[in-house]
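Visitor: For reference, the chains in residue letters:
Number of protein chains: 2
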Amino acid sequence: MRAVRTLGLLGTGVIGAGWAARALHFGIDVVAADVKPEMEAWLRDAIANAEPALARLTLAPLPPKGVLSFTTSPAEMAARADFIQENVPEQLELKQKVLAEISRHAAPDVIIASSTSGLTPTDLQRDLRAPGRFCVAHPFNPVYLLPLVELVGGQQTAPQTIAAAQEFFRYIGMHPLHVRHEVPGHLTDRLQEALWREILHMINDGVATTGELDESIVYGPGLRWAGMGTNLIYHLAGGESGMRHMLAQFGPCLKWPWTRLEAPELTATLIDRMVEGTQAQAAGRSIRELERLRDDYLVAIQQVLRQFDVGAGSTLRALEQRLYVDAGRGVGGQPAVDAQPLRTLSTHVRPEWIDYNGHMTDSRYVQAFGDAMDALYRSVGIDEGYRARSRMFYTVESHVVHKAEAHCNEPIEVTTQILSLDEKRLHVFHRLLRTSDSALLATAEQMHLHVDTAQSKAAPIDGEVRSRLERLAGSHASLPKPVDAGRHVGPRVQ
Amino acid sequence: MRAVRTLGLLGTGVIGAGWAARALHFGIDVVAADVKPEMEAWLRDAIANAEPALARLTLAPLPPKGVLSFTTSPAEMAARADFIQENVPEQLELKQKVLAEISRHAAPDVIIASSTSGLTPTDLQRDLRAPGRFCVAHPFNPVYLLPLVELVGGQQTAPQTIAAAQEFFRYIGMHPLHVRHEVPGHLTDRLQEALWREILHMINDGVATTGELDESIVYGPGLRWAGMGTNLIYHLAGGESGMRHMLAQFGPCLKWPWTRLEAPELTATLIDRMVEGTQAQAAGRSIRELERLRDDYLVAIQQVLRQFDVGAGSTLRALEQRLYVDAGRGVGGQPAVDAQPLRTLSTHVRPEWIDYNGHMTDSRYVQAFGDAMDALYRSVGIDEGYRARSRMFYTVESHVVHKAEAHCNEPIEVTTQILSLDEKRLHVFHRLLRTSDSALLATAEQMHLHVDTAQSKAAPIDGEVRSRLERLAGSHASLPKPVDAGRHVGPRVQ
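Chains as they are written, first to last, in our numbering: chain C, 50 to 543; chain W, 50 to 543.
In isolation and in its complexed conformation, chain C is listed as follows (with noise of 0.2 Å):
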């Protein structure tokens, strides 16, 4: 098969577009043809819209963007492509003659794979030129984004097709899934369409919304089939013994009227077949393994989630406001003062704060000290009311030395020293231990801003804020300076 400079694509909706986006951005040119020329307009918008997304999705150095040209000759479209991707609408008389219409025009060497949700390419490929180059690749919304593309053969297709089709995907990011059977809705649509169906039973019978069918996914199973699908998700739910368990417990609940859907016969043949796939998807993991694995992403995602307020996230916001709150009143909103630097944070060195060295990662360290920070603020009054009348600290300057390594899930701390405060300026030191031995890991001396956040200037630090402040510093006062503070980088004579 020939290399792929240029995709061809017929069809430019949502689909389509798609595509478009996310071959342009892995440095692809795209050749897209639609009969309807008002599209070029929507698809150019459609790109433009899916690029900041696709922008932020890796950090790793990118080819240049390829280019992109519109046509409404699906002839001329085929004549210029290396490979074509077929996105009309679902209807099988329609692919049927389009596909056989381009690959009169395709050289015979050109892929043909069609992004049909669930028509068999067995059918799609009847009419064509050349029919072993064609196969279907079924994308999901929003294309440029997720990396599932299910690959299926039909009689016709060449082995080779799949493996080239493979290769293309897999270049332009891609996760491709070869589909070894043609089955109507391939796999991942009928697993969809299933739990599509049932939500509208339940709709047609009133017995949920839309809304709380959504929550009854994204803030439980939803979660979980980020990371790992239902069976091997299932093998955990068995415990030590794991699937086989789990189908033992949970087989005769196959017989009751959980869904609409009946199932098929529990029989020794298929909990054997169960059980050795997800035997094999576990690849050897315990389940404790496996577990653990579940765990940190479950953490991870929700983690990410709170940032956007959403699903999970928002419970965990929620969450965490309720917290604070309990941990003010406990304080009764005064914070400690002793002659002695404050225990700011109080954590755990998360999983994904590792880097490749096996330890924590620079900006982890400067995350922690955020987070004393943030503890110091709220303890001495600046929570969101301050924030809500646009007053703020911003920190201006930060020197962190970095002693020694902090490995993953170990416990650690924060504690907070005042080294200085004016009307406007609050300089401090921080010290970042392992918790367990108190060995010093990491200092931070920083210098924080107080700012006026609507016109972003530098403004008085507000009365009782002040007084707290000033507190904590006279307290601190007597402390010996840190032997770190005041260091600038440069080379030293050893």
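Since the hints were made in silico from the structure, they are not lab data.
For clarity, every value in this text was computed on a predicted model and none was experimentally measured.
Errors might be hidden in some of the hints.
Copies of the same chain look alike in the list, so a pair counts if it fits in one copy or across any two.
Stated by the list, open to error - List of simulated lysine-lysine pairs, DSS-like, C-alpha gap at most 30 Å: (1) Lys304 to Lys146; (2) Lys452 to Lys530; (3) Lys146 to Lys85; (4) Lys452 to Lys506.
Use these hints to put chain W onto chain C, whose structure you have.
Guide: Then chain W, alone, in the frame of chain C:
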């Protein structure tokens, strides 16, 4: 209803242990009852296994952990608890019997809830003393991490029981979903079960393996479901006209054999319910706005999964490896040597990098500088092979000066200048610029020490890498020393 200080558990398998871990973590005492005394050790082990992930869920301050006690007497548990959660096997008669029994030992204002996956509350509460305080509270595995809990009342359940249960579950960080109608399997399991039974049919028919079917979800729809459910997702798939267009386009597919589950008739009433429901979910947000939200979380989740090398994260890793190899080929493995700072990073400020002040948070500046160093390292030949020989640079000291704010989605870049180099130390100066107008947003002066990572001690830089770095340092020697180099943090005369 009474304040919940002690949670009583009946049954201590995977679900019971999950409840215990969650409650203890958020400061609730737990008294766990299981007729098998050997379950105590199992339970304590399961709780210990849950704790590392739970401890990483939030940095917010937590109350002191709850205290766990174990008893083989359900009656004793019931007498001591403020809220009881039953988790015995999914058998109606068994559950009815134990629920009735504990209801006779629990004060009448103690809520009794069942973790049943799909039995209905009217059946379960039949023999209870004070049946009004009973409801179903169905959680999801792992209970200590997933926020969803379905609350279902039976015919005898008092409305205040649901309200009080909601309050308790929110307190321990959960999202209570009130299921307003009793149906077998409640809401979530009906949807999960439809998908699960379709899986079993596919395995039974020999169409695919468990692993292929898991891939069919994990790399595609599963990523979406972490943040939005099928209804909202399909609303987006309909383009500007949303759910109504989607149903018009894919309605006919409901008659096709894409699953063994037959769909309901797509009547005008059903269409209206779907459209009104999803419009309520959109809550005034346009399709474009919702697309942006979806895209933002899809990008961020894939980056999280990359850390764990799972699902779509593995695809992203493979893509990046290929891109780095291609980029290296492009420059012939030789960094450009000019008398000007290297352009080491070009990216965008990602939405998840923004903090409550509305601009890029401190730690992300350091992350950008870290990514810039990685690019510099790769350009001089420090790659996986180099690291595999236990050689690497560690950051020992870093001084960041903030100049201006970086805002969401702004394109930014980093340039890097070598200030000095000796056999073990690399002294650099980064500038973070806003790409549109080259405004200086921050600088970082850093000292990096070359180490033997196996021995965790300083070691000379290897020959080839050293000579490449020397060429660069030589070309940078003529550059003026940056104004901010050599600074220390501290109050200055204004």
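Visitor: Hint by hint, note whether the structure agrees.
Guide: Comparing the hints with the structure gives:
1. With identical chains, the CA atoms of Lys304 and Lys146 are at most 30 Å apart between copies only, with a shortest distance of 23 Å across copies and 45 Å within one.
2. In this assembly of identical chains, Lys452 and Lys530 lie within 30 Å of each other by CA distance both inside one copy and across copies; the values are 18 Å within and 27 Å between.
3. Taking the closest pair of Cα atoms, Lys146 and Lys85 come within 30 Å of each other only inside a single copy of the chain (17 Å); across copies the shortest separation is 68 Å, beyond that limit.
4. Within a single copy, Lys452 and Lys506 get their C-alpha atoms only as close as 35 Å, which misses the 30 Å cut-off; across copies the closest is 12 Å, which meets it.
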